[in-house]
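*Asks:* Sequence:
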Amino acid sequence: MVLLFKPHETDFAHEALSTIFSFLPRIAAGSLAAYLVSQMTDVYIFTYLKKKFPKENQFWIRNNGSTMISQLLDTLIFTSIAFLGVFPMEDWIQIFFTTYVLKFFIAVLDTPFGYLAKRFLVK
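Counting in the UniProt record's numbering, the sequence shown runs from 1 upward without gaps.
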């Protein structure tokens, strides 16, 4: 609604605002859909892996396995809704791949903090 006004001829920011706000509904919808699906998937997979790998020292398998699969879904859903059809396919693939790789490394790096939290909170 904000961008429906006719900008003054010296308005230099209108085009930038139009660009930003034209993506907003797709980003919001993609984010919400990806969050809902990936969180439910993460909990389901973590629970399944907890039955298969119940030992305390196997927490890393449960944590990384569930997170990496659910974040793959999260990234696929979000980037598809937000960017597919907006950017060329090569750009979409690059956005998808780099986003997932970043999430993958963060999942690996957060595992020691999960063990620390379990040590201090579960007693």
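Among the hints, a few may not be true.
To be verified - Derived DSS-like pairs (lysine-lysine); straight-line CA-CA distance at most 27 Å:
| no. | residue 1 | residue 2 |
| --- | --- | --- |
| 1 | Lys-55 | Lys-103 |
| 2 | Lys-51 | Lys-103 |
| 3 | Lys-118 | Lys-55 |
| 4 | Lys-6 | Lys-51 |
| 5 | Lys-50 | Lys-103 |
As the list claims (entries may be wrong) - Between beta-carbon pairs, the in silico distance windows are:
| no. | residue 1 | residue 2 | range |
| --- | --- | --- | --- |
| 6 | Gln-58 | Phe-104 | 12 to 22 Å |
| 7 | Met-89 | Glu-56 | 36 to 46 Å |
| 8 | Glu-15 | Ile-61 | 48 to 58 Å |
Derived by calculation from the structure, the hints in this document are not laboratory data. Fair warning: this is a prediction, and the values are worked out from it, not measured in the lab. A virtual CB, placed ideally from N, CA and C, is assigned to each residue, including glycine.
*Asks:* Evaluate each hint against the coordinates.
*Replies:* Right, here's what the structure says about each hint:
1. Lys-55 <-> Lys-103: holds, 25 Å
2. Lys-51 <-> Lys-103: holds, 25 Å
3. Lys-118 <-> Lys-55: holds, 13 Å
4. Lys-6 <-> Lys-51: violated, 61 Å
5. Lys-50 <-> Lys-103: holds, 22 Å
6. Gln-58 <-> Phe-104: 12 to 22 Å: holds, 20 Å
7. Met-89 <-> Glu-56: 36 to 46 Å: holds, 44 Å
8. Glu-15 <-> Ile-61: 48 to 58 Å: holds, 50 Å
Checked against the numbered hints above, the structure violates only hint 4.
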